[in-house]
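Engineer: One letter stands for each residue in the lines below.
Protein chains: 2
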Amino acid sequence: MKLYSLKNGVNPRRVRIFLAEKRVSIPIEEFDMETAGHKAPAFLAKNPLGTLPVLELDDGTLITESVAICRYFEEMIPEPPLFGRSTLERALVEMWNRRMELELLLPVIDVFVHTNPFWKGRRPQVPAWGEARRAQLADRMRWLDGELKDREFIGVDRYNIADITAQVALLTARGALKLAIPEDHKNLSRWWASVSSRPTARA
Amino acid sequence: MKLYSLKNGVNPRRVRIFLAEKRVSIPIEEFDMETAGHKAPAFLAKNPLGTLPVLELDDGTLITESVAICRYFEEMIPEPPLFGRSTLERALVEMWNRRMELELLLPVIDVFVHTNPFWKGRRPQVPAWGEARRAQLADRMRWLDGELKDREFIGVDRYNIADITAQVALLTARGALKLAIPEDHKNLSRWWASVSSRPTARA
Numbered sequence: 351m352k353l354y355s356l357k358n359g360v361n362p363r364r365v366r367i368f369l370a371e372k373r374v375s376i377p378i379e380e381f382d383m384e385t386a387g388h389k390a391p392a393f394l395a396k397n398p399l400g401t402l403p404v405l406e407l408d409d410g411t412l413i414t415e416s417v418a419i420c421r422y423f424e425e426m427i428p429e430p431p432l433f434g435r436s437t438l439e440r441a442l443v444e445m446w447n448r449r450m451e452l453e454l455l456l457p458v459i460d461v462f463v464h465t466n467p468f469w470k471g472r473r474p475q476v477p478a479w480g481e482a483r484r485a486q487l488a489d490r491m492r493w494l495d496g497e498l499k500d501r502e503f504i505g506v507d508r509y510n511i512a513d514i515t516a517q518v519a520l521l522t523a524r525g526a527l528k529l530a531i532p533e534d535h536k537n538l539s540r541w542w543a544s545v546s547s548r549p550t551a552r553a
Numbered sequence: 351m352k353l354y355s356l357k358n359g360v361n362p363r364r365v366r367i368f369l370a371e372k373r374v375s376i377p378i379e380e381f382d383m384e385t386a387g388h389k390a391p392a393f394l395a396k397n398p399l400g401t402l403p404v405l406e407l408d409d410g411t412l413i414t415e416s417v418a419i420c421r422y423f424e425e426m427i428p429e430p431p432l433f434g435r436s437t438l439e440r441a442l443v444e445m446w447n448r449r450m451e452l453e454l455l456l457p458v459i460d461v462f463v464h465t466n467p468f469w470k471g472r473r474p475q476v477p478a479w480g481e482a483r484r485a486q487l488a489d490r491m492r493w494l495d496g497e498l499k500d501r502e503f504i505g506v507d508r509y510n511i512a513d514i515t516a517q518v519a520l521l522t523a524r525g526a527l528k529l530a531i532p533e534d535h536k537n538l539s540r541w542w543a544s545v546s547s548r549p550t551a552r553a
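The listed protein sequences correspond, in order, to chains A and B. Taking my numbering, the leading residue of the first sequence gets 351, the next gets one more, and so forth. Taking my numbering, the leading residue of the second sequence gets 351, the next gets one more, and so forth.
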């Protein structure tokens, strides 16, 4: 078994934190955006979309998409449960993980890809779209601050994959977009201090 | 239990097809985009994001996000399995459902929202983004045609939620975007003829 990852990649970090929470250690082959080996023919034969992470099983089966990889490990190593412990909890974790993806993670990636000079020539850039997403992001951070008023974690009362998704989104916002959590977002700031101080946060 | 749905809504249709495949019938309250009752305060109290569908359980618990609602029913009514039957199958269905969302469904919605006059004044439109997504969509339809070469269904060898997602995306592409599957995409056309003739396809 082997994980293909990407240095500083937003999605690969989701999987690495997830695996660290499960106390799983597997071989990792790391690509980087400068040399972009994951866009070369040898790797495109494994994943024609050229996305990372990719999990390769011992029989050669390839699993792409971060959450698919995480779900595979959730079933193989159930403890601690990061997708919820009951039918209802699993539905709520799915709901909140998707909200964190659609409302935070995808906007963060769009702002980065469409407004940062790094991506010029690498991807078609539409700066106006990046700016629209930046506005959405500010709005959703305020919304999430309200949702965390009486909650320690996102969606359910234990640390879960929705926390990981939000955490990676906001880490990227702060690092690549220079967009920190506003000081008056007290609940979101408290949550951030808690999740980012976990031993797995820099996996 | 009650499902809040949206007439002609792309995501609510995913859930309605899923429920029809499970032979589940529950009360549905239908909103429409013209009167937009789902953007009024009474409904925003249930879902501040104003998205549909929403499932309301008898104890008042609210589940938003199509796939979260589907996953809840998958656990309550396991047959037929639409998320896969084994650990590996479930990982592959998750992978393919996400590919269908990221590579087809979200681009279809973006082309519609950013280039169709219906959305003018309703949502910030960035036409250049809509056009970039239209190009992506053409590319991904060709890719999916290749992936379906030796396959009856998407990802695994039984009809599953990734088929539903792709089917709803391509139904919307054809209806709202006037973008049909190109004739030389033989595998995708065969798959489309098969899934769109299922009794549940117009749920």
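Bear in mind the hints are in silico, worked out from the structure with no lab data behind them. Predicted, not measured: the structure shown is a model, and the values here were computed from it. A hint or two may mislead.
[Unchecked claim] As a list, the in silico EDC-like pairs of lysine to aspartate or glutamate whose alpha-carbon atoms are at most 20 Å apart:
id	chain 1	residue 1	chain 2	residue 2
1	B	Lys396	A	Glu379
2	B	Lys352	A	Glu439
3	B	Lys396	A	Glu439
4	A	Lys536	A	Glu481
5	A	Lys389	B	Glu453
6	B	Lys470	A	Glu481
7	A	Lys396	B	Asp534
8	B	Lys396	B	Glu379
9	A	Lys396	B	Glu497
10	B	Lys396	A	Glu481
11	A	Lys470	A	Asp495
12	A	Lys389	B	Asp500
13	A	Lys396	B	Asp489
14	B	Lys396	A	Glu497
15	B	Lys389	A	Asp500
16	B	Lys396	A	Asp489
17	B	Lys499	B	Asp460
[Unchecked claim] So these bits of chain B aren't anywhere near chain A, every CB distance computed over 10 Å:
id	residue
18	Glu380
19	Arg421
20	Met426
21	Arg435
22	Ala482
From the three backbone atoms N, C-alpha and C, an ideal C-beta is built for every residue, glycine too.
Engineer: Should the label of Ala482 (chain B) as a non-interface residue stand, given a Cβ cut-off of 10 Å to chain A?
Structural biologist: violated, 5 Å
Engineer: Check whether the Cα positions of Lys389 (chain B) and Asp500 (chain A) lie no farther apart than 20 Å.
Structural biologist: Violated - the C-alpha atoms of Asp500 (chain A) and Lys389 (chain B) are around 25 Å apart, more than 20 Å.
Engineer: What's the verdict on Lys389 (chain A) and Glu453 (chain B), does the C-alpha distance respect the 20 Å limit or exceed it?
Structural biologist: Holds. Lys389 (chain A) to Glu453 (chain B) sits at ~17 Å (cutoff 20 Å).
Engineer: Within 20 Å, alpha carbon to alpha carbon, are Lys396 (chain B) and Glu379 (chain A)?
Structural biologist: Given pair Lys396 (chain B), Glu379 (chain A) is violated - Cα atoms ~44 Å apart, limit 20 Å.
Engineer: According to the definition I'm using, a residue is off the interface if its beta carbon is farther than 10 Å from all beta carbons of the partner; does Arg421 (chain B) meet that for chain A?
Structural biologist: Label violated. Min Cβ-Cβ 5 Å, cutoff 10 Å.
Engineer: Does Glu481 (chain A) lie within 20 Å of Lys470 (chain B) when you go C-alpha to C-alpha?
Structural biologist: Measuring from Cα to Cα gives roughly 18 Å; hence the hint holds.
Engineer: Can you confirm whether the C-alpha distance between Lys396 (chain A) and Asp534 (chain B) stays at or below 20 Å?
Structural biologist: With a Cα-Cα distance of about 25 Å, the restraint between Lys396 (chain A) and Asp534 (chain B) is violated, given a limit of 20 Å.
Engineer: Per the stated criterion, does the least C-beta distance between Arg435 (chain B) and chain A lie above 10 Å, as a non-interface residue requires?
Structural biologist: Label holds. Min Cβ-Cβ 12 Å, cutoff 10 Å.
Engineer: Does Asp489 (chain B) sit within 20 Å of Lys396 (chain A), going by the straight-line distance between their CA atoms?
Structural biologist: Given pair Lys396 (chain A), Asp489 (chain B) holds - Cα atoms ~18 Å apart, limit 20 Å.
Engineer: Can the restraint linking Lys396 (chain B) and Glu379 (chain B) be considered satisfied, given a maximum Cα separation of 20 Å?
Structural biologist: holds, 14 Å
Engineer: What's the verdict on Lys396 (chain B) and Asp489 (chain A), does the C-alpha distance respect the 20 Å limit or exceed it?
Structural biologist: Holds - the C-alpha atoms of Asp489 (chain A) and Lys396 (chain B) are around 18 Å apart, at most 20 Å.
Engineer: Mind checking the alpha carbons of Lys396 (chain A) and Glu497 (chain B) for me, to see if they're no more than 20 Å apart?
Structural biologist: Since the Cα atoms of Lys396 (chain A) and Glu497 (chain B) sit roughly 13 Å apart, the hinted pair holds (cutoff 20 Å).
Checked against the numbered hints given earlier, this structure breaks hints 1, 4, 7, 10, 11, 12, 15, 17, 19, 20 and 22; the rest are met.
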